[in-house]
Each structure stands twice: as C-alpha cells, then as structure tokens.
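Novice: As a plain string of letters, each chain reads:
There are 6 protein chains.
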Amino acid sequence: MRIGVYPGTFDPITLGHMDIIARGAKLVDRLIIGVATNPSKSPLFTLEERVGHVQREAAHISNVEVVPFDALLMHFAEAQGASMIIRGLRAVADFEYEFQMAGMNQQLNSEIETVFLMADVALQPIASRLVKEIASYGGAIDKFVPTRVAAEVRDRIATNAEK
Amino acid sequence: MRIGVYPGTFDPITLGHMDIIARGAKLVDRLIIGVATNPSKSPLFTLEERVGHVQREAAHISNVEVVPFDALLMHFAEAQGASMIIRGLRAVADFEYEFQMAGMNQQLNSEIETVFLMADVALQPIASRLVKEIASYGGAIDKFVPTRVAAEVRDRIATNAEK
Amino acid sequence: MRIGVYPGTFDPITLGHMDIIARGAKLVDRLIIGVATNPSKSPLFTLEERVGHVQREAAHISNVEVVPFDALLMHFAEAQGASMIIRGLRAVADFEYEFQMAGMNQQLNSEIETVFLMADVALQPIASRLVKEIASYGGAIDKFVPTRVAAEVRDRIATNAEK
Amino acid sequence: MRIGVYPGTFDPITLGHMDIIARGAKLVDRLIIGVATNPSKSPLFTLEERVGHVQREAAHISNVEVVPFDALLMHFAEAQGASMIIRGLRAVADFEYEFQMAGMNQQLNSEIETVFLMADVALQPIASRLVKEIASYGGAIDKFVPTRVAAEVRDRIATNAEK
Amino acid sequence: MRIGVYPGTFDPITLGHMDIIARGAKLVDRLIIGVATNPSKSPLFTLEERVGHVQREAAHISNVEVVPFDALLMHFAEAQGASMIIRGLRAVADFEYEFQMAGMNQQLNSEIETVFLMADVALQPIASRLVKEIASYGGAIDKFVPTRVAAEVRDRIATNAEK
Amino acid sequence: MRIGVYPGTFDPITLGHMDIIARGAKLVDRLIIGVATNPSKSPLFTLEERVGHVQREAAHISNVEVVPFDALLMHFAEAQGASMIIRGLRAVADFEYEFQMAGMNQQLNSEIETVFLMADVALQPIASRLVKEIASYGGAIDKFVPTRVAAEVRDRIATNAEK
Numbered sequence: 544m545r546i547g548v549y550p551g552t553f554d555p556i557t558l559g560h561m562d563i564i565a566r567g568a569k570l571v572d573r574l575i576i577g578v579a580t581n582p583s584k585s586p587l588f589t590l591e592e593r594v595g596h597v598q599r600e601a602a603h604i605s606n607v608e609v610v611p612f613d614a615l616l617m618h619f620a621e622a623q624g625a626s627m628i629i630r631g632l633r634a635v636a637d638f639e640y641e642f643q644m645a646g647m648n649q650q651l652n653s654e655i656e657t658v659f660l661m662a663d664v665a666l667q668p669i670a671s672r673l674v675k676e677i678a679s680y681g682g683a684i685d686k687f688v689p690t691r692v693a694a695e696v697r698d699r700i701a702t703n704a705e706k
Numbered sequence: 544m545r546i547g548v549y550p551g552t553f554d555p556i557t558l559g560h561m562d563i564i565a566r567g568a569k570l571v572d573r574l575i576i577g578v579a580t581n582p583s584k585s586p587l588f589t590l591e592e593r594v595g596h597v598q599r600e601a602a603h604i605s606n607v608e609v610v611p612f613d614a615l616l617m618h619f620a621e622a623q624g625a626s627m628i629i630r631g632l633r634a635v636a637d638f639e640y641e642f643q644m645a646g647m648n649q650q651l652n653s654e655i656e657t658v659f660l661m662a663d664v665a666l667q668p669i670a671s672r673l674v675k676e677i678a679s680y681g682g683a684i685d686k687f688v689p690t691r692v693a694a695e696v697r698d699r700i701a702t703n704a705e706k
Numbered sequence: 544m545r546i547g548v549y550p551g552t553f554d555p556i557t558l559g560h561m562d563i564i565a566r567g568a569k570l571v572d573r574l575i576i577g578v579a580t581n582p583s584k585s586p587l588f589t590l591e592e593r594v595g596h597v598q599r600e601a602a603h604i605s606n607v608e609v610v611p612f613d614a615l616l617m618h619f620a621e622a623q624g625a626s627m628i629i630r631g632l633r634a635v636a637d638f639e640y641e642f643q644m645a646g647m648n649q650q651l652n653s654e655i656e657t658v659f660l661m662a663d664v665a666l667q668p669i670a671s672r673l674v675k676e677i678a679s680y681g682g683a684i685d686k687f688v689p690t691r692v693a694a695e696v697r698d699r700i701a702t703n704a705e706k
Numbered sequence: 544m545r546i547g548v549y550p551g552t553f554d555p556i557t558l559g560h561m562d563i564i565a566r567g568a569k570l571v572d573r574l575i576i577g578v579a580t581n582p583s584k585s586p587l588f589t590l591e592e593r594v595g596h597v598q599r600e601a602a603h604i605s606n607v608e609v610v611p612f613d614a615l616l617m618h619f620a621e622a623q624g625a626s627m628i629i630r631g632l633r634a635v636a637d638f639e640y641e642f643q644m645a646g647m648n649q650q651l652n653s654e655i656e657t658v659f660l661m662a663d664v665a666l667q668p669i670a671s672r673l674v675k676e677i678a679s680y681g682g683a684i685d686k687f688v689p690t691r692v693a694a695e696v697r698d699r700i701a702t703n704a705e706k
Numbered sequence: 544m545r546i547g548v549y550p551g552t553f554d555p556i557t558l559g560h561m562d563i564i565a566r567g568a569k570l571v572d573r574l575i576i577g578v579a580t581n582p583s584k585s586p587l588f589t590l591e592e593r594v595g596h597v598q599r600e601a602a603h604i605s606n607v608e609v610v611p612f613d614a615l616l617m618h619f620a621e622a623q624g625a626s627m628i629i630r631g632l633r634a635v636a637d638f639e640y641e642f643q644m645a646g647m648n649q650q651l652n653s654e655i656e657t658v659f660l661m662a663d664v665a666l667q668p669i670a671s672r673l674v675k676e677i678a679s680y681g682g683a684i685d686k687f688v689p690t691r692v693a694a695e696v697r698d699r700i701a702t703n704a705e706k
Numbered sequence: 544m545r546i547g548v549y550p551g552t553f554d555p556i557t558l559g560h561m562d563i564i565a566r567g568a569k570l571v572d573r574l575i576i577g578v579a580t581n582p583s584k585s586p587l588f589t590l591e592e593r594v595g596h597v598q599r600e601a602a603h604i605s606n607v608e609v610v611p612f613d614a615l616l617m618h619f620a621e622a623q624g625a626s627m628i629i630r631g632l633r634a635v636a637d638f639e640y641e642f643q644m645a646g647m648n649q650q651l652n653s654e655i656e657t658v659f660l661m662a663d664v665a666l667q668p669i670a671s672r673l674v675k676e677i678a679s680y681g682g683a684i685d686k687f688v689p690t691r692v693a694a695e696v697r698d699r700i701a702t703n704a705e706k
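Chain order of the listed sequences is A, B, C, D, E and F. Taken in order, the first sequence gives residues 544 to 706; the numbers are from the working numbering. Taken in order, the second sequence gives residues 544 to 706; the numbers are from the working numbering. Taken in order, the third sequence gives residues 544 to 706; the numbers are from the working numbering. Taken in order, the fourth sequence gives residues 544 to 706; the numbers are from the working numbering. Taken in order, the fifth sequence gives residues 544 to 706; the numbers are from the working numbering. Taken in order, the sixth sequence gives residues 544 to 706; the numbers are from the working numbering.
Just chain A, with the same shape it has in the complex:
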C-alpha cells in the first residue's frame, strides 16, 4: 500500500490546497493530510479547528485521512509509514524554498521521496496569507476558499476585531 503525506498549516485551507489534495489522492492508496501546529505563526484558527476544516472539506475523498502533527515533517512521514511527501508548487519562490527543504530531507531519509504537484493554473496565485489579508479589510474571499471556510474566516476576523 502506497501512503503519501501532504503537510501544511491550512490556516485557512484554500481552493489551491483542495486541488492538490484531489490530485495527490489519486497518486497513492492513502493520503495523510498532516496539519502542522505552527504556533509561531499565530494562526487564525486553532489546530483543532483547522483539522476540522480539512476533514469536512475533504470528506468526499475516500482515501484521505487528516492527522495533526507537531514534529519534524520527516519523522511524521516515517511514523505514518509514508513513502512520499507531496508538496504543491505555485511559483519560483515556492520552488526555491521547497528545493532547499527537499534537499535536506533527502539527507534525513533517502527512502521517502518528495513529490511536487502543480495546482490548476487558475488557482496558483492563491495564498492563505493573502486570503487573510484580504478578509481583514472586508474583501471578498469566496473565489479563494471553500464557501463555508469563507464564512468562518469572516466570523473569526470579526470576533478578533471586537476584542
């Protein structure tokens, strides 16, 4: 059985992530979506919320499982029995960072392959960081994230603003 890990912070999950999940799920028998804690980035949503969002939005894909993690990515992939780590590529800036990570990961465990997929070109400019920035100014984010996530981002930003 081929197992793949697709790691991310998913704060929030975007249509670009959804596209990579759909593509990745076809490459393996079981796709583990690893949701990183990432407290240093002060995420908008808690780890539990983000795991819940990804589970709900990917519920229609049968061979996907969502697992939170707070570990070195390579250790997480080993613990899950994965033979590949799946990464979405959007642009050259991604590429550089990913190549550096993949190069060091080759040294950490040469048995687990990093596999790069390309999101649908129309979705490539979408970045979680920009989604949050747009929403914080009251801009429309419905074209960038799943419908329910868009509402959740708006609610959370409104709640934070009241504090």
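Hints in this document: simulated from the structure, not taken from any laboratory. Quick caveat: nothing in here was measured; it's all calculated off a predicted structure. There is no bait here: all hints are sound.
Each pair may be met inside one copy or between any two copies, as identical chains are not told apart.
The calculated lysine to any residue pairs, modelled on SDA-like cross-linking and capped at a C-alpha distance of 25 Å, are:
#, residue 1, residue 2
1, 686, 704
2, 584, 689
3, 686, 614
4, 686, 652
5, 686, 626
6, 675, 706
7, 686, 562
8, 569, 641
9, 675, 665
10, 675, 651
Please build the complex by placing chains B, C, D, E and F on the supplied structure of chain A, with the hints as guidance.
Specialist: Frame of chain A, contents of chains B, C, D, E and F only:
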C-alpha cells in the same frame, strides 16, 4: 479621465520610487500615490510624515496627488475611480510576489488593471529596508533617497537611538 | 492622445495575446498591434496571414489597429507616435528577457515607457511555440487559440506535411 | 495498477536521469521510460541506440520498460494507460519550462497528473548537452554518465570527428 | 596583500559555510571571517560562542582570521583593509538578495568588489535556519554541520527547552 | 602569482564586458581574457578581429593578456595555470546557466574556483546579442559598446548587407 494608483509604504521614499512616480504620471491623467499605514511594519516615519515627504518630493509633477489609505488596495483603487494600479518591478523576487497579488486582484475586480513599470536600471537595487539598515550604521544614503529625505532619515535614527 | 504599441510575431495569435490586447486597449486611446516579420524564426504563417488573423480576431475592439513592421521596435514605436510599449508577462523566464530588452530600450529612448501587463492566470502557460508543437502531433489546440485560428493552424500543418 | 511515464531524449542518459528513474520506479507499479525521437535536435545517438542504452542501464530495475515514441507526450501517456507523467526538476530554468508544459497538459487531459521529482542535489548540474560539449573537447565525463555510456559517447564523437 | 572579508551570522556554522571558507581562503592572502552580532535575529549562540565555533572549525586554514563586527558591512571591510567581500551563493533566492546588496554596496564603495562563490553542489541546500528547525524537533543534523557543532546545537536546544 | 581566466566570445565586446575585465583585473596578478572561437554561433567578427578588439580596448590595464582558445574551458584554464575562472553575472537567467556550468566544472577540477562578479547595475542589461540586433536595424549602440567597436559593428553589418 484615466486615473492610476501607485501604492506603497514609502518608509522612506527612495529615488527608485521617484523614478516610478515620474514614469507613472506620464501614463495617466491623474496619479494617486497611495501611502499605506502599515503599522505592522513599525515604520520609521509616521503616516503623516510619509505623506508629507511624498507630497514635497513629488510637488513638481502637476498631475500627482498623495492620499493615505488603510484599506484593501483594490477597495482604495475603486474609491479613487482608478482604472489601473501601478507597481514598480525591480527583480524576480518582486515579480513573484507581485504576480501573486495581481492574480488575486484580477479575481477581486477584473476592471482595474495592474500595470508593471521598470525603474531605471541604475536605481533597481534600492530598497527602503536596506536604506534604513545602512543609515542605522551611519552609512551614506544620499545616492539612494532625495537629499532632504536623507537628512530626515539620519535625524530620526539619531533621535530613536537616544531613547 | 495616448498611443501604445503591442509588438509580437503572433504565429499564431493565442488566447493569451487576445487577453493582453483587451487589457492594453483600455490603457490607451489607440493601440497599435505591431506584427513583426521575423523571417529568422520561419513562421508557420506569412506576415500577411498573421496581420489578417490579428485584424479579424481583434475587430471587435474599436481602438485597435494592426500594423506590420520590420524595424527596431523602438523605431517602430517612435514612428507610430507611441508613448508606451505594452508587453505581456507570463513567467520569470519572460521577465528576465523582457527586463533586459526594457533596460536597453530605456537607453535608446527614455521617453517611451515599457509597460508590463499580466494575462489572466489561466492563460499564462499558453505559448505560440507549444501550440504549434501540439498541433503538429494532432493534439487539440482549441483551448489555446481562437476557434478559426485553430482550424487555420491545423490546415497549414496538414498542407506542410504533404509537401 | 499505477503506470507512470518518464519521457526524455536521453542523448545520452546521465546519472541525473538514472537517479530520477530509480526514484520514479518506486512511485508506480510500472514505469514506462519514453524515449523521444527528437530528430530536430540532431541527436548524437540514433533512437535505437538511445533505447538500447536506457534498457541496459535500467535493466536492474524490475518494473521499468523502455518505449520509443514519436507523438505528443500526452497521447503517448494515454496510449500507455499512464496516470502520471514524471519529470525531473533541476533548477529554476527547468521549472519555468516544465510549468508551462504542465499547464498546457492540464488542459489537454486533466486526468493525467504531472509529477515533479528532484534528483539528488549532487547530480543536479548534469545536463546531456553539457556532457556532449565536454566530451567533444576531450574532457572527462565519467562522473556524469554511466561508465559504458561514457565510452560510447567518446567513441561516437571520435567517429564523427573523422568524417 | 589581498585581503577578503567573508561575513555571516554563523548561527551555527554549517558545512556549506566551511566549504566557502576553504574556497575563499585560496583566493586571498588573508581571509577575515566577519561574525555579525545580529541581535535582531535572536541567535541561538552568543556572539562569543559563534566566534569561538568559527575559530575552532577553521583553525586548520592558516590565512584565516575571525573578527566579530557590529557595523555596516562596507565599513567593516574598509576597516579591515579588504579589497573584496566574499559571498556564497546557493540558489536564486540568495542571488536576488545578494544582487540587491551588492548593487547598493557598489554605490557605497566602488573599490571593494563583491565576489560570489558557489558551494559544493551537495552542500547547497544547507541553511542554518533549517538546521536549527530540524534540531529543535530532534532530527539528525550531523550531515549539515561540523561534528562538534552538531553536539553544541543539540545541547543548547535542550538547555533552552528546560527553561 | 594568482592567475584568473575570463572567458567569452566577445562578439562584440560590450561595456558590460569592459566593466567585468576592470573588476577582475584587480582580483588577480594576471588576468587572461580567453576569446572562444565559437564557430557554431556564426560570429559577426572573426576570432582574430575579436582578439584584436579586446586587446585594443583593454590595453590600458597592465595585467591583462588576451588569448584565443578552442578547447574545454577547464583545460584552457589549466593550461594557463589559472586558479580561478571569472564570470560576470547579470540576471537570474545567467545565474542558472552559470551555476550548472560551475557545478560540472567543480567535478572536472576542484582546484580551479569559479568566481562570479557583478557588473555595474547600469550595464547589466547589455548583451552582445541585443547589440547586434539593434545595430542590424540601424539603432544606436554607442551606449552599449566602446566607441570604436560601435563603428566596427555598423561597418560589418553594412558590409554583410551588401552581400
């Protein structure tokens, strides 16, 4: 009447910005220079000071107006009746970020075009962040920013150091 | 009156070119589409055919004019009374080449500005060269070029193959 | 059964190609190495010779098959029943070209996924074109291609030089 | 006598840094390794510790001297009587930043040349930031930094975690 | 004695080349400018003419010598007793190609270091290929090449056109 918006933080305004302003002003009937508040970047100069610097340095260009803004760039451009957003390109790193922004902005409002201009090649390495870094160590910044701005940066850094 | 020049070989004209033409036409009062002879590239279509294709496909945009040229781009732009040269940007590879050209063009005539526009992200991977390569192997090119152009490319490739 | 296609000209096959073949073979049940005819590039070795080299060098990997092709890559992948196309990434220049191809291929057949793998970092600078250039000047190519291929390249270049 | 300066934070010194030091030392009569204070980056090791690490690891190269500095790089290079600043290049992201810095440094002092060297390709993905991230999750860093530095990084991270 | 080799085709020598020569000559005791034959590029000027141009234009720099070569660059550098190969970097496209070459050259001879220098930013867009293209259309090239070379390029292009 064609209106363009050239947004930035201008902390401080550099000769590279000045060059893009001069180029942009020729492309439109009215050029709105939008000065972003950007409190998260802890700017060296207050919003009022930065608006003042840009107004003074661009005073010789008749069709330029300087307007502060604290909003989504696309909303600001809409409010100003702009048909284009002008961005300066310096290097590939800029290009990547700008392309991602422009791609999302195409989704937000497809009527407002993002237009990229290239500063004079001799001015392309200039970045506000590096200007401040050089000045903080007592380096000469006169070749990078307008003369009066150079003095103001030096004064502010000296004042901050005394605190 | 603001005049812009959008130069290219248009062998064949693609949906990416069409998108840049539509965007460019809104930035100026009159948009001259300059069709370069480019004999060194052994184009699939003659200069007359390419001018014809562009004229037909852009006929619905009132302020567009199609003009063949066999000259230095900057001289052509000067002869047309243009104040800007419009270029479409797709990716970093384009960017590099365009920046080099624009940098030399700044030296040739600093009064004519090079302006970069970004095609709709979904159209960015389209390149005339790849369209011809796909068609030469009998692949479907209808998503990449205007409908009538797709038929013309197929016909020409079939005719050439018979020779 | 998951089938992948790894296309190339392999003129000659390098240690970088060998590395991608080994990595790709682990991702699928059957890996088809597609050797493109590419007459326009005037290859050093005939199609038959290149197929032979790849077969010999990859003989130790049980789930690999070598197939020549003279067709659109996407048509070849469809004919082989592949669900993925495997491409090696070395550097940003590759990335740009590959992204453009993959973007157009998404339009041609959205069911066949392009998957990018990264060769061992130590092998990334190796390019067939540079190997031939080095060999043509009598330089040592043993660190870049399999041992027998190195000898074959030297022999062919010597034979060509005599003509 | 030719003097070169190789500046960095060295938090911690990696095998990539070691490789550039070895290469740089051959280009000049005396190589000053400048260790920057960089308090804004909250380094893992104190300035004294980092100077100590670099001195110990480079002790076998006779024409190397390690000097801490808290100044503009160009002023430091001038004070050391250097005619060149040596920088290691790993990837395009580095390149962009370095080019911007070098461009501004050409303006600050055109007599001191910035010289770029390329680390051994196998060492290029190594970055101090990623080494610390891997170590913070208990990953093995022995392939990325000198042996004694690996132990020191592990000890410091363990000590910090106890606080 | 430190010897460096600066290789190129110099068809024609540009102000960008001149700038790298001046910078490179300060880094070594003796700078060998290697002029490559490059018949495959059908140069505008013969090897003898190009050697003559470089000698004349660099005559004011005492430690420079001009040597034609038709060999592998690394073999030429070895034959000249060089310890470094000097390359000018202009942009990311250059960088990619140069990195690939330098990576293979590290394997061919690890004792000869490739050293990258950055031309004056104002000269970075200049490329011999574009200079010839501009001149072939009667454009002014005086800002891109030495004065006498500009005349020689114009004369040669006029002579070729008469044929």
